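Between the sequences and the hints, there should be enough to build the whole structure, so can you do that?
Here is how the chains run, residue by residue.
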Amino acid sequence: MTVMEKLSQALPLANPWIESWRSEGKKVLGYFCTYIPEEIIYAADILPVRVRARTCGAGDTPMGDAYMTPTACSYTRCCLELANQNQYDFLDGIVSCNSCDQIRRLYDNIRYKAPFPYHYIMGVPGCVSDTTHEWFGHELTKFKENLEKNFEVTISDDKLKKAIQVYNKSRTLLKEIYELRKRDNPPITGTDVLNIISAGISMPRDQFNDLLTQQLQELKEKDGISDYRARIMIVGSMLDEPEYMKVIEDLGGLVVTDSQCLGTRYFWDLIDENKNPINAIGERYLSKISCPRMTGKYTEREDFMVKLIKEFNVDGVILQRMKFCILWWAEIFLLRNRLKEEGIPFLELEREYILSGAGAMKTRVQTFMEILEAR
Amino acid sequence: MKLLDEETFKKYKKMGRGAWGKDLALWKTMYMGMLNVFKEEDFTPVVEMMINMFLELPKARKEGKSIIMYPFNYGPEIFYAMDLAPLMQEVFSVGLAPLHINEPYIDVTNEIGYGDTPTLCNAQRPLIGAHMQGAAPVPDLLFFTSTPCNAIAMTYQVFQQLINIPTFNMDLPYWAYDQDNEFYDEKTMDYMIRQTKELVSWLEKEINQKLDEEKFLQTMKLVNEARENVMEFNELLKNVPCPMPSIAGFGNYLAMVTRGGTPDAVKVTKYLRDEAAQNVKNGIAGVPDEKIRIAWPYTHVFFDRDLLTFIEETFQAVVIMDLLGYYPVMPHDVSTVEKCYEGEAIAALDFSMVGTCRGPVEFYVDFVLNYVKEYKIDCVIIPMQFACKHAYAITRIAAEAVREQLGIPTLIFGCDPYDSREVSSETIRERISEFLTQVVI
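Line by line, the protein sequences are chains A and B.
Note that my numbering has the first sequence beginning at 1, numbered continuously upward.
Note that my numbering has the second sequence beginning at 1, numbered continuously upward.
Quick caveat, the hints were computed from the structure, so don't treat them as lab data.
Small disclaimer: the values here were computed from a predicted structure and weren't measured.
Note that the Cβ used here is the ideal one computed from N, Cα and C, for glycine as well.
Check the hints yourself; a few may be wrong.
[What the hints assert, rightly or not] One-sided excerpt, in silico: chain A residues whose CB lies under 8 Å from chain B:
1. Gly57
2. Gln102
3. Phe324
[Unchecked claim] Have a look at the derived ranges for each label pair, beta carbon to beta carbon:
4. Pro409(B) x Met1(A): 37 to 47 Å
5. Glu225(B) x Lys307(A): 50 to 60 Å
6. Asp223(A) x Asn164(B): 40 to 50 Å
7. Asn86(A) x Asp366(B): 28 to 38 Å
8. Arg364(A) x Lys14(B): 37 to 47 Å
9. Met189(B) x Trp268(A): 50 to 60 Å
10. Glu342(A) x Thr336(B): 25 to 35 Å
11. Pro62(A) x Glu430(B): 20 to 30 Å
12. Lys210(B) x Asp130(A): 38 to 48 Å
13. Glu342(A) x Ala25(B): 26 to 36 Å
14. Glu342(A) x Lys187(B): 40 to 50 Å
15. Asp190(B) x Asn146(A): 19 to 29 Å
16. Pro62(A) x Arg421(B): 21 to 31 Å
[Said to hold, decoys possible] Some chain A residues near chain B, calculated using beta-carbon distances under 10 Å:
17. Pro62
18. Ala66
19. Tyr67
20. Arg104
21. Tyr112
22. Lys113
23. Pro117
24. Tyr118
25. Ile121
26. Met122
27. Asp130
Listed below in structure tokens is the structure:
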């Protein structure tokens, strides 16, 4: 079995890695956003798993429509649907935050309509200052104490430091993989990178790091991909459906970088291993490359996008946003202007969480590829 | 009923003459339009306050005062204490909705690709369209909060980028609902007090003027007086029959959100309180022969000025108050400057819609349950804004709680309170009529 095949085993919701973890009598918590500090959960010897909902059939969500309402994003509707169908019965609880209105209300609806044994929601400030940093440290401490109380564990500073090291290692390895994508002939597709990151959020992190190390070594020695038509960057929100990437890459657009929830924004910034662990975690999560929910940080996000475009020699950008997503529609409205100023071609795609209507998407991507080739 | 007399009308018309500045052209149009509308209506202190509010901006421009734009979920008292001219942005969307002048700006935002109606709230979105047309006021300063909703944080953030002016963002914290916790724990209070002080420091730096502490104390005394009036008014509405018509409570909200901290707000809230008290004393009902008492725990349908009158006249039903009209900020200790900061911190957390929606669903459910119990409600009507993700996604849970615990029915329907083209007045009236006749009566 190849390393990629082993990683792919982690892609289904309930996967062998999680089963193995649970067979040791250990707990699993689902979480919903990159602002949830996985390190604190892992330090409690609990497996943090990002909640995904790719098995939500054709995206039919009667329960989600009724409670989240039809104008909520399909990710939250699908999650509520699967929770109601007990498809997350491998989870011992969920942890959420006020990342966006839809995510925080998903948490409420799950508690009322499809509850788990454990629920926790933490407040993440919407802006960054010394005051909000201090407040967030308080929130992180409350969360740590809540885990300790509910799961009868002790989360010592040493355990936190170890978890930070483990997660930093993932971040460093993923960054190394991204470095390889800067090559003229990158050794890996965007589809595979998305699958790797999706595996990482669905399996024990130490084992993921081992596989990632092997994968990196393989990639370093591998011949690169040369038969692509254009180098693409994807920018947008939560996307864990590799079929979207595949549609783009099947048409010759090689995805070489991104600014996405399950991409650079998830792993780009490290946690300082020399500081008090809770403070360091707080600093990293508030100062990391942000989601549009963080006000006052737009210019930083925009500059980050442009920096990656240059470093990865990107030919065109695909701005993807899930239907009914407030944050990303507003963000993309601004990003368009910057891309125009920089002379970078872009394609804007509205999508649902589950890929549907691939035909229409193919037509638009195909046209975009032709535009990029003609330049 | 006291109408706006010819002499006063002319006086106000004259005050509106002259150039207000290009970006205030729409503001002026609204002023003139409202003046004409109010000419035919009861000239109450609420109306007078609104007229004066419109005149504040051109006056501020002439006097060289800085204009600060802020959203519908924060009181302006600190801005008044700092001698600024506060502009509550949503006055536009609410004021333009019944005149159907929102729609062209909504169309512009659609054309330029800034969201759509089911995604981004049209309480803020027309601002971007109006700005693109050069019709939105360009303030000197911008202030907004992280909650109650993403729509505020996002549209204000976009506006900030477009006009590039100094901006202050306040984080209103979210925290878990836990019966064992105190509502305002020490950390939360400290957090909010610090941010409030940071807001003042930021203003001082931007306008190069220190906060006059004496004026701050006086302003806080005024806002406190108005809050006391609102509390008494809210208590009086518990009487059966309800002593005031359906729209009355919204006047309190307008006063607190646009003129909080000024004598105008005291005058309006006192007037409403006195009217309610007088009516209770004289056995007068806001809706004659009241038969149905309706809880309306969301905003009004702003584009339909006559909807509440229709409900009152057709069903002898009274809407006790809307979610915004439910202004729950308690009077606070204003004996020292430090205490005033504390009061403002709590006010930011409790403000209309913020107090009920910034946290978990229990904040909203408890509010609705108490509302239904305390005001002896017969049914609940929630005209949900399609794009209001934070509220729309909890109304069903609230409706189930109200039905299961109190046996009271709820009608929830989607619409856009700012744009009649999404769901028309006729359709809304039909839905409400069916509900009231088939379920409630």
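Hints violated by the structure (listed by number, smallest first): Checked against the structure, the hints that fail are numbers 1, 4, 8, 9, 10, 12, 17, 23, 24, while the rest are satisfied.
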